[in-house]
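Q: Next come the chains, spelled out residue by residue.
There are 2 protein chains.
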Amino acid sequence: MTIILNAKEIKSCVEFNHVLIPIIEDAFKSLALGKTTMPPVLRLDIEKYHGESDVKAAYIEGLDSYAIKVASGFFNNQKLGLPSSNGLMLLLDSKTGILKSVLLDKGYLTDVRTAIAGAIAAKHLSNPDSSTVGIIGAGIQAKMQLEALLLVRNIKSAYVWSRDFEKTKTFVENLKGKINIKINVCKSPEETVNSSEILITTTPSKSAIIKSEWLKKGLHITAMGSDAELKNELDPKIIKECDIYIPDSQSQTSILGELNHAIKAGLIIINPNLGRRNNNDVTVADLTGTGVQDTAIARYTFKISEEKGLGLKID
Amino acid sequence: MTIILNAKEIKSCVEFNHVLIPIIEDAFKSLALGKTTMPPVLRLDIEKYHGESDVKAAYIEGLDSYAIKVASGFFNNQKLGLPSSNGLMLLLDSKTGILKSVLLDKGYLTDVRTAIAGAIAAKHLSNPDSSTVGIIGAGIQAKMQLEALLLVRNIKSAYVWSRDFEKTKTFVENLKGKINIKINVCKSPEETVNSSEILITTTPSKSAIIKSEWLKKGLHITAMGSDAELKNELDPKIIKECDIYIPDSQSQTSILGELNHAIKAGLIIINPNLGRRNNNDVTVADLTGTGVQDTAIARYTFKISEEKGLGLKID
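Protein sequences appear in the order of chains L and F.
Counting from 1, position 63 in the first sequence corresponds to residue 63 in my numbering; the numbering is continuous, with no gaps.
Counting from 1, position 222 in the second sequence corresponds to residue 222 in my numbering; the numbering is continuous, with no gaps.
Where hints are given, some of them may not hold.
The list treats identical chains as interchangeable, and a pair is accepted whether it falls inside one copy or across any two copies.
[As the list claims (entries may be wrong)] Straight-line distance between alpha carbons at most 16 Å, and here's what the computed EDC-like set of lysine to aspartate or glutamate pairs gives:
no. : residue 1 : residue 2
1   : Lys-211   : Asp-315
2   : Lys-8     : Glu-213
3   : Lys-35    : Asp-64
4   : Lys-211   : Glu-15
5   : Lys-187   : Asp-164
6   : Lys-48    : Glu-61
7   : Lys-313   : Glu-52
8   : Lys-35    : Glu-306
9   : Lys-156   : Glu-166
10  : Lys-48    : Asp-164
11  : Lys-35    : Glu-147
12  : Lys-211   : Glu-61
13  : Lys-11    : Asp-315
14  : Lys-217   : Glu-147
15  : Lys-237   : Glu-147
16  : Lys-313   : Asp-281
17  : Lys-8     : Asp-281
18  : Lys-8     : Asp-315
19  : Lys-95    : Asp-45
20  : Lys-11    : Asp-64
21  : Lys-79    : Glu-61
22  : Lys-35    : Glu-47
23  : Lys-216   : Asp-235
Derived by calculation from the structure, the hints in this document are not laboratory data.
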């Protein structure tokens, strides 16, 4: 028997708040301790329509279920009045492979687990007294990364830049009612970096936006936009020159981000000595999104849905 | 809006008969003509439970939808009284990535498209007057490959061998009422090869069952059991010594079957001159199962389900 959960049910199970932080942290710990099986991402490109579907999957040892997740990005959709992101998660029984649940979240759980991973990166790497954040991009992750950061840092001001100045203004206007901090529109990415102790890049840019000469002491950067070979938000010199570089999954970032470091996000959670050493270190978290995050949030969603008795049973 | 189709609905849409042959043939043609995007298979192993989930996906140029397919094999399931195979297919819109349908087929469509590919291989490679078939294995594919072969060749006798003699006897007894040909139980795989003009191997064996010295003139072999690096049913010398070797997808078989040939199944369909040259040629079709077959059968199923007005709409 398979339980079908629709997007509305899923949103009622998974509120976007601090409860999710230890859930995703545990997933990163399992990844760092080698207690996971996580094959390379399957990626299907449909160039004609500027679209792609990515499939991620991960089994975490000892857990009775694992997720397979499809996330699609179709970048002509906006012109059609449709969201560019889409997706669903499948939860399977670890012992039998039987499909326990189809989570028709339309990408919501991916958005949430991605934003929470950003908050975890900032929690473990940024200076604890950081009160300013710069956001590069004005899409859904720009908003959610900012909201997630507020769960772990006492932010007073945000500085937002995106390629489209009008879109940035609208983005900031829409946020003002919802988030009780000062939010400013920037005219250049340099202005954003200058104003911020934490910088979050959320764009699908194919050329570097952030220059290494703008870096200043103590800055923490979470780069979460680059999740494919051709995507790149940071000047490569930043990776070379920063004090601490932490990818979420080295095996993924070495392919998807052209990088090659041995320290994984999970290790920082287990051993904080591997992270920032002083207030002046420049730290970079390079997040591509991992299957273990999907397994963690799909399992959590399913557990809550069972408690609430939600979903449609199909034989 | 996504349409959820259950196993019973899917079986009512897709009868296992000759109608499916041109549908799967067209998929192979597209693959051979390079009109497809088919990324490498994602495979997640759960060694602890002797299980695996494979994900395949393929986009065929010009078609308005594409499939992503999950197939799981958990080989302890039999002890639990459960089928070892399981799975589902997802059908997505080629222009927007929106999930059109979830096909909860529990692996039925994979079984069907796999058996039909076997029939296509025999149709294009075996001697047309072949009237005897040997089947190695006594599982679901042993049965379905035999049934599919009857769609393309006038078979009079089948010879079945599997490792478990009692299981083979039961398998043959169960078939006798359903298929109107002579079916014989063999005591050795050699006896099976000796008796047959077409040989179909359907086991997950990890060591070669069929020896090259047993080969005889005119034999056609369809090897469909080996679909993973460690699986192997044929003595490697057979691949070397046969006259014509045809993998379904060279990019897959070169990894999954340790082989390296340039001719694909689809090319034979397009140009029969690339296949058997005379009655004496020994031909081998090496089938690992391809994403294009999944896209073809998922699209067909969805089309019929729409005509019949089946499925559950979920927003």
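Q: All the hints need checking, so say for each whether the structure fits it.
A: Now the hints, each set against the structure:
no.	hint	verdict
1	Lys-211 to Asp-315	neither (55 Å within a copy, 44 Å between copies)
2	Lys-8 to Glu-213	neither (45 Å within a copy, 63 Å between copies)
3	Lys-35 to Asp-64	within (14 Å within a copy, 40 Å between copies)
4	Lys-211 to Glu-15	neither (36 Å within a copy, 60 Å between copies)
5	Lys-187 to Asp-164	within (10 Å within a copy, 74 Å between copies)
6	Lys-48 to Glu-61	between (40 Å within a copy, 9 Å between copies)
7	Lys-313 to Glu-52	neither (30 Å within a copy, 25 Å between copies)
8	Lys-35 to Glu-306	neither (26 Å within a copy, 44 Å between copies)
9	Lys-156 to Glu-166	neither (24 Å within a copy, 75 Å between copies)
10	Lys-48 to Asp-164	neither (25 Å within a copy, 51 Å between copies)
11	Lys-35 to Glu-147	neither (30 Å within a copy, 44 Å between copies)
12	Lys-211 to Glu-61	neither (41 Å within a copy, 40 Å between copies)
13	Lys-11 to Asp-315	between (24 Å within a copy, 14 Å between copies)
14	Lys-217 to Glu-147	neither (25 Å within a copy, 71 Å between copies)
15	Lys-237 to Glu-147	neither (29 Å within a copy, 62 Å between copies)
16	Lys-313 to Asp-281	neither (52 Å within a copy, 53 Å between copies)
17	Lys-8 to Asp-281	neither (43 Å within a copy, 61 Å between copies)
18	Lys-8 to Asp-315	between (22 Å within a copy, 9 Å between copies)
19	Lys-95 to Asp-45	between (32 Å within a copy, 12 Å between copies)
20	Lys-11 to Asp-64	neither (23 Å within a copy, 30 Å between copies)
21	Lys-79 to Glu-61	neither (43 Å within a copy, 22 Å between copies)
22	Lys-35 to Glu-47	between (36 Å within a copy, 12 Å between copies)
23	Lys-216 to Asp-235	within (14 Å within a copy, 64 Å between copies)
When held up to the earlier numbered hints, the structure conflicts with 1, 2, 4, 7, 8, 9, 10, 11, 12, 14, 15, 16, 17, 20 and 21 and fits the remainder.
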